[in-house]
Amino acid sequence: MAVYKRHYEWYRGRLTPQRWRSFVLTRYAIRDLLRSRFFLACFVLSFVPVLIFAAYVFIANNNLLRSLLSFGSMVRLAVEPKFFAIFLSVQTFLAFLLTCWAAPTLVSGDITNGALPLFLSRPLSRAEYVAGKFAVLATLLSCITWVPALLLLFLQGGLSNSRWLFPHLWMIGPILWCSWLWIALLSLLALAASAWVKWRMLAMGSIFGMFIIPPGFGGVLNATLHTNWGNLLNLSYIFQEILWAGFGVSYQGGLGAVPQSAAWLMLLAVALVCLGLLQVRLRAFEVVRG
Amino acid sequence: MNIRESSARLVSRMREQPWGFWSGQIAVLMRREVGRQLFTRRRMWVYLLAFAPVLITALNFIDRSTPKDTAALQDDTQALAGIIQFYYVRLGLFFACMSIFTWLFRGEMVERTLHYSFLSAVRREVLVVGKFLGGLATAILLFEAALLGCFYFIYVRFGSAGSAYVFQGPGLRQMGAYALVIALGALGYGAVFLGLSLLFKNPIVPGALLLGWETITPILPRSLQMLSVTFYLKQLYPVRLAGPSGILNLLTVLPEPLPSYAAACGLVCFAALVVVFSCYWIRKTEITYTTD
Chain A
1 MAVYKRHYEW YRGRLTPQRW RSFVLTRYAI RDLLRSRFFL ACFVLSFVPV LIFAAYVFIA
61 NNNLLRSLLS FGSMVRLAVE PKFFAIFLSV QTFLAFLLTC WAAPTLVSGD ITNGALPLFL
121 SRPLSRAEYV AGKFAVLATL LSCITWVPAL LLLFLQGGLS NSRWLFPHLW MIGPILWCSW
181 LWIALLSLLA LAASAWVKWR MLAMGSIFGM FIIPPGFGGV LNATLHTNWG NLLNLSYIFQ
241 EILWAGFGVS YQGGLGAVPQ SAAWLMLLAV ALVCLGLLQV RLRAFEVVRG
Chain B
1001 MNIRESSARL VSRMREQPWG FWSGQIAVLM RREVGRQLFT RRRMWVYLLA FAPVLITALN
1061 FIDRSTPKDT AALQDDTQAL AGIIQFYYVR LGLFFACMSI FTWLFRGEMV ERTLHYSFLS
1121 AVRREVLVVG KFLGGLATAI LLFEAALLGC FYFIYVRFGS AGSAYVFQGP GLRQMGAYAL
1181 VIALGALGYG AVFLGLSLLF KNPIVPGALL LGWETITPIL PRSLQMLSVT FYLKQLYPVR
1241 LAGPSGILNL LTVLPEPLPS YAAACGLVCF AALVVVFSCY WIRKTEITYT TD
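Protein sequence lines correspond, in order, to chains A and B. Residue numbers for the first sequence follow my numbering, beginning at 1 and rising by one. Residue numbers for the second sequence follow my numbering, beginning at 1001 and rising by one.
Be a bit skeptical, because a hint or two may be false.
Stated by the list, open to error - So the derived label-pair ranges between C-beta atoms look like this:
hint, chain 1, residue 1, chain 2, residue 2, range
1, A, Pro17, B, Leu1059, 46 to 56 Å
2, A, Ser261, B, Met1044, 25 to 35 Å
3, B, Phe1039, A, Glu286, 21 to 31 Å
4, B, Gln1074, A, Lys82, 38 to 48 Å
5, B, Pro1259, A, Arg31, 57 to 67 Å
Source of the hints: derived by calculation from the structure; they are not laboratory data. Source: prediction; values computed, not measured. Every residue, glycine too, gets a C-beta built ideally from N, C-alpha and C.
Next up, chain A with everything else stripped away, as it sits in the complex:
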C-alpha cells in the first residue's frame, strides 16, 4: 500500500522542563551502555571489591567471627582513614577501566553521524550537551566510588560502638571531593578524546594512553634532569597523592613527591585543556573539506 499522505501533529505529551533537558541525553546514553552485556558484567564486577571491604568491616567489628576465623587477639583489623584511602584507590582504578570502555562512543557517535547539529538546533546549549554527557559518566562512576565509600563509612559507624562515627565524620569530605575530582578529570579527558577521535578503538587507546604514556615522559624527565617535577605528568600518581593527603596519610608511591599546590594546578590545567578541546570540537555546524 502506497503511503502518500501523512499528517504530522504537534507533540502533545508532557515537556521536559528546560533545566532537565540535558539529562534526556544522559538517560538514553546510560540505557545504551547498559545494553552491552560486556559493560554490564564489568560494572557488576567493579562492586566485588566493595563486598570484600564490607566483609572486612564486618569481621573487624565481630569478635565472635574473628575468634572463629582464628584471628589472634594480636591481629588488629583497623577501619581507619588508610582503609578508606585504599578503598578509593582500588575503586578509582576500576572507574578508569570502566571509563575506557564506556566513554569512546559517547560523543564520537553524534559527531560521525552528524547528529550534533540536530541536538544543538533544539533548545539545548553546548554546555548542556556536555553536561548531559558528563552526567552519564558521573552517574556510573559515582555508583562505584563515593556512594559505596559512604556506605562503608556508615556500615562501620553502625557496627562499631557509638563513639566511632562522630570523630570520623570528617572523612565524608575527602571521600566526596576526592571521588568527584577523579570523576571530573576522567570524564573530561574521556569526553575530549571521544570528541576528537572518531573511531572507538583509537579513542579507547588514547584514553588508556593518556594515563600510561605521559608518566613515561615524566620518568625520562626525572632521570635526565634529576628532578621530581616529571611526576606532574603522571595524572594517576598526583591524584593518589591528593587522595592520600586528603585522608591525612602519607602516600608511598615509590616516586618522588610533588607539592600539593602543583598537583592541583596540573589537574586544573588538564581539565581546562579538555574543556577547550570540547569547545573547539562541539559545534552546531560541520565543515566538510574535499
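Following the hints, put chain B in place on chain A, whose structure we already have.
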C-alpha cells in the same frame, strides 16, 4: 615413498614457486606501507613517542653543557639505560607498535579499504608479510633514529671524555646492543600486535592485557616467561640498572639469564611463529564492514 623422495619433491616444489615475483610484490607493499605510516598526520603521535626523550635529553644538553666528571658520566649512562629499558621498551616502542601494527589491517577495516587489497592479484600471505615488513621498517627507522639522538645528546655534553667513552670505551658496544634491542622489540611487539589485530575486532583491550602480561612475567614459570617479548629483550641489555625500587624492580629483574645469541634467535623464532600464524589466519578472514 621414502623420506628422501618426499624431501626432494618438497624442494622441487619450493623451487617452482615464483619467489622473485612475490619479493617484488612484498617490496611494493613495504614501500606503500612505509609511506602510509610515516607521512600522515595521524601518525604524529608515533613521532612524539619516539622523539620526546630526544627533546628532553637535548634540553638537558642545553641546560648543563659544562663537562662533567666520571661519576656524572656513569650517572648519565644509567639515565640512558633507564630511558631505554623503562621508557622505550616498556612504553614508547610498545604503544608505537600497537599503533602501527594494529592499523595495518584493522585500520584498513575501519577505513573500509581492505577489500581493495584483498581483490588485487596478491596472495594474502604476501600481503601480510609485505605489510608487516613495512610496519617493521617504519618502527625501526623512527626508534633507531631516536636512540641515536638520545645517545648523542647524553654523551656530547661531556666533550672529549664523552667521545672517549663512546669510541674507546664501552659506549659504541652499548649503542649496538640497544639498537639490537630496539629492532628486536619492534619485531616482537609488531608480530604480536599484527596477530592480535587479526584475531580481535578491538585489539586495544588485549593490548592492555599484554602490557600487564609483559610486566608480571618475571614472577611466572620459565615456560610462560618465554611467551613474552621483554623476556628476550632483557637478556640483551648492556647496562644493568642500579636498584630500581619497589614494583619497578619487576621491570628489570632477570630471573634466568640466557646467552645473547639464544635470546635474539628466540625472539626471531617467536615473531616468525606469530607471523606464520597470521598468514594462516588471514586466509580465513572475511570482511564484514557492517560489524566493524
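Hints, one by one, checked against the model:
For the pair proline 17 (chain A) and leucine 1059 (chain B), the beta carbons lie near 55 Å from each other, so the given range of 46 to 56 Å is met. For serine 261 (chain A) and methionine 1044 (chain B), the hinted distance range of 25 to 35 Å is satisfied, since their beta carbons lie about 33 Å from each other. Range check, phenylalanine 1039 (chain B) to glutamate 286 (chain A): Cβ separation about 26 Å, and the 21 to 31 Å hint holds. Glutamine 1074 (chain B) and lysine 82 (chain A) have their C-beta atoms about 39 Å apart, which keeps the hinted 38 to 48 Å range intact.
The hinted window of 57 to 67 Å between proline 1259 (chain B) and arginine 31 (chain A) holds, with their beta carbons roughly 59 Å apart.
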